[in-house]
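Student: Using the sequences and the hints given, assemble the complete structure.
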Amino acid sequence: MGRKEYTSSLRNSLERLPPNEQSTYESVRSIANSAMHEYETGNEEPYNQLMDFASHLKQKYQENDAYALYTLYHALSNSTPPSNCTRFDFPQPDSITVFASKLFPKPESKKVA
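The number in this note's numbering is simply the position in the sequence shown, starting from 1, with 1139 added.
You may find that some hints are simply not true.
To be verified - Here are the simulated lysine to aspartate or glutamate pairs, DMTMM-like style, with alpha carbons at most 25 angstroms apart:
id: 1; residue 1: Lys1197; residue 2: Glu1165
id: 2; residue 1: Lys1199; residue 2: Glu1160
id: 3; residue 1: Lys1197; residue 2: Glu1177
id: 4; residue 1: Lys1199; residue 2: Glu1179
id: 5; residue 1: Lys1241; residue 2: Glu1183
id: 6; residue 1: Lys1241; residue 2: Asp1191
id: 7; residue 1: Lys1199; residue 2: Asp1233
id: 8; residue 1: Lys1199; residue 2: Glu1154
id: 9; residue 1: Lys1197; residue 2: Asp1233
id: 10; residue 1: Lys1197; residue 2: Glu1183
id: 11; residue 1: Lys1199; residue 2: Glu1184
id: 12; residue 1: Lys1241; residue 2: Glu1177
id: 13; residue 1: Lys1241; residue 2: Glu1165
id: 14; residue 1: Lys1197; residue 2: Glu1160
id: 15; residue 1: Lys1241; residue 2: Glu1179
id: 16; residue 1: Lys1241; residue 2: Glu1160
What the hints assert, rightly or not - Distance windows between CB atoms, simulated:
id: 17; residue 1: Pro1158; residue 2: Glu1184; range: 30 to 40 angstroms
id: 18; residue 1: Gln1231; residue 2: Arg1155; range: 22 to 32 angstroms
id: 19; residue 1: Asn1187; residue 2: Val1237; range: 27 to 37 angstroms
In case anyone wonders, no lab produced these hints; they're calculated from the structure. Cβ atoms here follow ideal geometry from the backbone N, Cα and C, with glycine treated the same way.
Tutor: Encoded structure:
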């Protein structure tokens, strides 16, 4: 699949999501890209944590390839969600949203007194 087809396929997959899920998908995808960037600059820990978590999910939800039905699994693993994704995020304690927010927490905004 060429870059143009990949981009079109990803766009079509995301258009099926409600706006709040699109935003969450993009955030998780950005965190996965940040982990890859950190890896490329010598800080392997975030990427290793991400890969370990993705492997955990794939193993835990391996029956009938259930892990592949979760849209955020594809954001985490930097793959395009197939059209048969029927679930968004894994239940606790396997939530990708929670995991990603811990991997790269957003800086707290400073309150002005």
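Student: Now, for every hint given, state plainly whether the structure supports it.
Tutor: Hints, verified against the model:
Between Lys1197 and Glu1165 the alpha-carbon distance is near 21 angstroms, which keeps this suggested pair within the 25 angstroms criterion. Only pairs whose Cα atoms come within 25 angstroms are accepted, and Lys1199 paired with Glu1160 is accepted, the gap being roughly 23 angstroms. Under the criterion of a C-alpha separation no larger than 25 angstroms, the hint pairing Lys1197 with Glu1177 is consistent with the structure, at around 23 angstroms. Restraint check for Lys1199 and Glu1179: the C-alpha separation of about 29 angstroms exceeds 25 angstroms, so the hint is violated.
For the hint linking Lys1241 to Glu1183, the alpha-carbon distance of about 16 angstroms falls within 25 angstroms, and the restraint holds. With a C-alpha separation of about 14 angstroms, the suggested pairing of Lys1241 with Asp1191 holds against the 25 angstroms cut-off. A distance of roughly 10 angstroms separates the Cα atoms of Lys1199 and Asp1233; the hinted pair therefore holds under the 25 angstroms criterion. About 28 angstroms separates the Cα atoms of Lys1199 and Glu1154, which puts this hinted pair outside 25 angstroms; it is violated.
As the CA atoms of Lys1197 and Asp1233 are separated by approximately 11 angstroms, the hinted pair is consistent with the 25 angstroms bound. Only pairs whose Cα atoms come within 25 angstroms are accepted, and Lys1197 paired with Glu1183 is accepted, the gap being roughly 21 angstroms. Between the alpha carbons of Lys1199 and Glu1184 the distance comes to roughly 22 angstroms, so the proposed pair stays at or under 25 angstroms and holds. The straight-line distance between the Cα atoms of Lys1241 and Glu1177 is roughly 15 angstroms, inside the 25 angstroms bound, and the hint therefore holds.
Between the alpha carbons of Lys1241 and Glu1165 the distance comes to roughly 16 angstroms, so the proposed pair stays at or under 25 angstroms and holds. Between Lys1197 and Glu1160 the alpha-carbon distance is near 21 angstroms, which keeps this suggested pair within the 25 angstroms criterion. Proximity of Lys1241 to Glu1179 is assessed by CA-CA distance (about 20 angstroms); at most 25 angstroms being required, the pair is judged to hold. Only pairs whose Cα atoms come within 25 angstroms are accepted, and Lys1241 paired with Glu1160 is accepted, the gap being roughly 18 angstroms.
A C-beta distance of roughly 33 angstroms is found between Pro1158 and Glu1184, which places it inside the suggested range of 30 to 40 angstroms. At about 24 angstroms, the beta-carbon gap between Gln1231 and Arg1155 stays in the expected band of 22 to 32 angstroms. Checked against the hint of 27 to 37 angstroms, the pair Asn1187 and Val1237 fails, with Cβ atoms roughly 18 angstroms apart.
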